[in-house]
Each structure stands twice: as C-alpha cells, then as structure tokens.
Amino acid sequence: MRRYIYIGFGGSLGAVLRYVLKNWQILHFSSKFYLNTIMINIIGCFVLAFFLRLAFDIWEVDSDFRLGISTGFIGAFTTFSTLCREVSGLLLSGDVIFSLLYLLFSIGAGLCAVYSGDILAKRIIIVKESLENSSKIS
Amino acid sequence: MEYFVVGVGGVLGSITRYTLGKWISERFDTVIPIGTLLINITGALLLGIVTSIYTGGNLYLLLAEGYLGAYTTFSTFMYEGFNLFQENEKKNAMLYILGTLFLGLVGFIIGVWVVSSLK
Chain G
1 MRRYIYIGFG GSLGAVLRYV LKNWQILHFS SKFYLNTIMI NIIGCFVLAF FLRLAFDIWE
61 VDSDFRLGIS TGFIGAFTTF STLCREVSGL LLSGDVIFSL LYLLFSIGAG LCAVYSGDIL
121 AKRIIIVKES LENSSKIS
Chain L
1001 MEYFVVGVGG VLGSITRYTL GKWISERFDT VIPIGTLLIN ITGALLLGIV TSIYTGGNLY
1061 LLLAEGYLGA YTTFSTFMYE GFNLFQENEK KNAMLYILGT LFLGLVGFII GVWVVSSLK
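Each protein sequence line maps, in turn, to chains G and L.
Here my numbering is used: the first residue of the first sequence is 1, the next is one more, and so on.
Here my numbering is used: the first residue of the second sequence is 1001, the next is one more, and so on.
Simulated from the structure, these hints should not be mistaken for laboratory data.
Only a predicted model underlies this, so the values are computations on that prediction, with no experimental measurement involved.
Cβ atoms here follow ideal geometry from the backbone N, Cα and C, with glycine treated the same way.
Keep in mind that the hints are not guaranteed to be accurate.
[Unchecked claim] Partner residues aside, some chain L positions facing chain G, computed with beta carbon under 10 Å:
hint, residue
1, Ala1070
2, Asn1083
3, Glu1087
4, Leu1095
5, Leu1098
6, Gly1107
[As the list claims (entries may be wrong)] Here are the simulated lysine to aspartate or glutamate pairs, EDC-like style, with alpha carbons at most 16 Å apart:
hint, chain 1, residue 1, chain 2, residue 2
7, G, Lys22, G, Glu86
8, L, Lys1022, G, Asp64
9, L, Lys1091, L, Glu1080
10, G, Lys128, G, Asp57
11, L, Lys1022, L, Glu1080
12, G, Lys22, L, Glu1080
Isolated chain L (complex conformation) (with noise of 0.2 Å):
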C-alpha cells in the first residue's frame, strides 16, 4: 500500500514539474535554467510546510515522499550545472548551483517557520 501512495505521488510529482518546468523555460529565456530551480526552491519550501504538519502516514507518503520528491530533482540540477560549466558559463553556473542550494535551504526553512508561527 504503501507502495502505491509513494508511486501516485511520484506520478503526479514527475509531471508537474515536466509541466510547470517546460512552462518556466519558455516564458523566461534566461542562461540559468529558471524552471528547474523555481521548481526545486518551492519544492523545498513545501517541503518545509509538509513535514511540519505530519510525520507519517499514508498522507506524508504521498506529499512528502512520493510527490514533492518527485518534483523536485537533484540530477537535472547537477546535469545542467555541468552543462553550464562545459559551455564555460563558469559564473552562471555558480549562481545556479549556490543560488539553488541557499534558496532550497532557506526555503525549507522558512516553510517549516510558518506552520510553527501558525501552531
């Protein structure tokens, strides 16, 4: 059962961000692939409000594990910092990476913030 929990949200996690991240990229045409970190950022942040609100169960299952760990990435993030590294955007690609990696922190943070502030 629990199998099938992580798996839907895997499922719906996977294509939004297929969607949203195609979304992104399009509508900002920008060196720094936008969509992917946007995605990861509020993927942390959500995370933040998820855990905080539950520890388990078949409805953490589904948010935290299944869906937000599908949506958001860690291999499309280093592949395209690589990629920005290869193609000698060594700036970009720092700014990608720490700039997702301070975003994502301070985004999880701050999600768990709220829902303690709203307790």
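Next comes chain G alone, as it looks inside the complex (with noise of 0.2 Å):
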C-alpha cells in the first residue's frame, strides 16, 4: 500500500512537471513544442539512469521510495504516447523526413542520455569509494 502512495505522489508530480514545461515557450518560434517533448524526455532518460545507479550501487535507499522516484516520478515524467502523437503527425501531414529525423533523434539522444546518467553515476561512486579508502589508510 505504501508503495502505491510512493508512486502515485511521485506520479502526479511527474506529470504536472510535464504538463509545466511542455508549455513554456523556449524559443519564440513556433507553436509546435517538439522540443520541449525531446528535452523532458532526454532529461528524464538521464536522471532514471543516474538514481537508479545510485541506488542499486551506493545509497541503501528504501524500495518503495526508490520506486517512486523511478517508476512514479521520472516515469510520468516522461512520454511515450506524446512522442508517438507528434511523429504521426508529421508523418500525416507528409513531413516524412522530418518525422524520421525527430524519431531517430528521441532515440538517439535518449539511449546516450542513459549511457551519460550511468556513466556520470558511476564516476561519483568511483570517487566516493577512493575518498573512504584514503581515509581509512590515513
């Protein structure tokens, strides 16, 4: 039961962030926000990567609290189904190549955000580690 107030918390929270900055004009350009669908999303991709590491390496975090950030909160955070909504529209509309472009970008970006949030991660366990074990010799 406490796990689904973790979730459900982290959830909603997810969500209006979402909901939040999908809106906020970046650049005073166009009406189309696929930009601030590819930065929630990467941003999302890298920060699940980071805790998770984190977590399951280093911080005895509690699961419940672990699964709300993850799955409750950076998972609502980002989007699947918008991404989908977008790419058929542009695909709809006869944009074909711009369509290709943004899908492999998403992909792209949001497989090397992963990669840099598990990196990045790892690094600060890394230098964690050392800073105990020099302090333990001395």
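Take the two lone chains, each set in its own frame, and fit them into one complex as the hints suggest.
Below, the structure written as structure tokens:
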C-alpha cells in the first residue's frame, strides 16, 4: 500500500512538471512544442539512469521510495504516447523526413542520456569509494 | 485547476503502469520487457482515440496529458533498451526499440482511424 502512495505521489508530480515544461515557450518561434518533448524525455532518461545507478550501487534507498522516484516521478514525467502523436502528426501531414529525424534523434539522444547518467553516477561512486579508502589508510 | 486535473491523471496513470506492467512481466517471462512494451503501445493507441475526440478542456487534460502521459514512459523504455545492449542482447535490443516505436506509431494512427470511421 505504501508503495502505491509513493508511486502515485511521484506520478502526480511528474505529470504536472511535464505539463508545465511542455507549455513553456523556450524559443519564440513555433507552436509545435517538439523541442519541449525531446527536452523532457532526454532529461528524464538521464536522471533515471543516474538515480538508479546510485540507488542500486551505493545508496541503501528504501525500495518503495526508489519506485516512487523512478516508476512514479520519472516514469510519469517522460512520455512515449506524446512522441507517437507528434511523429504521426508529422508523417500524416507529409513531413516524412522531419518525422524520421525527430524519431531517430529522440531514440539516439535518449540512449546517450541513459549512458551518460549511468557513467556519471559510476564516476561519483568511484570518487566516493576512493575517498573512503584513503581516509581508512590515513 | 488544470494542474490538479493533470496531477490526478498522473496518479492513476503511473499506478496503472506499475501494476499492469508488473502483472504482465510476471506472466510472460521474456528477455524483451514486454510489460513496458504493451503499456506503451496501448497508451499510444488510447491517445490516438482521445485526441480524436477531445482537443482541449479538463477531460482532455485528465485523460491525455495526465493519465496517458503518465501511463506511457519514454525513460523506462530507453533504460531497458540500453540495458539490453549492455547485456549483449543486441538483436533483442533492436527488436524491442524498433518494435515499440513501430507498434506505437501504428497504434496511434489506428486509434485516430477508429474514431474517424465511427464519426
């Protein structure tokens, strides 16, 4: 039961944050907020990988809390359905090349973001452990 | 008010994703994360339906932005795809990623088509 509260709460925050960022006009050009969707999804991928690496390796985080952040907050923050709508919209309006570019970029950047988040967390873990080791020696 | 509506959808969408995803992956023991796959493609289908019926208003915010936005997930999808590559499951990784994308797009378009043919 507690688990559902964490996930639900995280989910509500993730959804609201996504909604806020989605409508935030970054560059004063178009009404098509593709840039916002990519930004949201990529940030989410990075943060998820970063958080989970730390959570599994060094941080003894309670599993319900972990789920609240990963499945709840970040899971709700990023969205696949919106991406499908945007790509479909481009395809159906004849913008085939841009739709493929958008799709490939989302996937490529998403995977890179996961990789980067994971690597950064691993570096932090290495630094932390080497600091602990050197303080033990001295 | 809009934020409240989106938030409520978010609570329900994320809990559905967790419960259903867990149930599916416990039933089907596959290398490919079938729970997330099915959730993402059904979410895309449903969004195709919802966006063809509503374009704005609180019900749209609740269902599309709130619920389906939280129900589907891009981060978990990419994380799992990446892990498949890490585990040297290159073919399954490609199958999972391309399969989700293809079925998601097709699903969305089918959703739109279903509503437009009923109108």
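Within 16 Å, alpha carbon to alpha carbon, are Lys128 (chain G) and Asp57 (chain G)?
holds, 12 Å
Please verify whether Lys22 (chain G) and Glu1080 (chain L) have alpha carbons no more than 16 Å apart.
violated, 24 Å
Minimum Cβ distance from Gly1107 (chain L) to chain G below 10 Å?
With a minimum Cβ separation of about 7 Å from chain G (threshold 10 Å), the hint on Gly1107 (chain L) holds.
Holds or violated: is the Cβ of Leu1095 (chain L) closer than 10 Å to a Cβ in chain G?
violated, 14 Å
Satisfaction of the Leu1098 (chain L) interface hint, Cβ to chain G closer than 10 Å
holds, 9 Å
Run the distance test for Lys1091 (chain L) versus Glu1080 (chain L): straight-line Cα separation, threshold 16 Å.
Judged against 16 Å, a Cα distance of about 14 Å means the pair holds.
Is Lys22 (chain G) within 16 Å of Glu86 (chain G), Cα to Cα?
At roughly 13 Å apart (the allowed maximum being 16 Å), Glu86 (chain G) and Lys22 (chain G) satisfy the hint.
Hey, does the Glu1087 (chain L) contact hint survive, CB to chain G under 10 Å?
Violated: closest Cβ of chain G sits about 13 Å from Glu1087 (chain L), beyond 10 Å.
When the nearest CB of chain G is found for Asn1083 (chain L), is that gap smaller than 10 Å?
Nearest chain G Cβ about 8 Å off; hint holds.
Take a quick look at whether Lys1022 (chain L) and Asp64 (chain G) sit within 16 Å of each other, Cα to Cα.
Given pair Lys1022 (chain L), Asp64 (chain G) holds - Cα atoms ~14 Å apart, limit 16 Å.
Hinted pair Lys1022 (chain L) and Glu1080 (chain L), Cα distance within 16 Å
Roughly 14 Å separates the two Cα atoms, so the pair holds.
Can you verify the interface hint for Ala1070 (chain L): is its Cβ closer than 10 Å to any Cβ in chain G?
This hint holds: Ala1070 (chain L) lies near chain G, its Cβ roughly 4 Å from the closest one there, short of 10 Å.
Hint compliance for this structure: hints 3, 4 and 12 are broken, all remaining hints hold.
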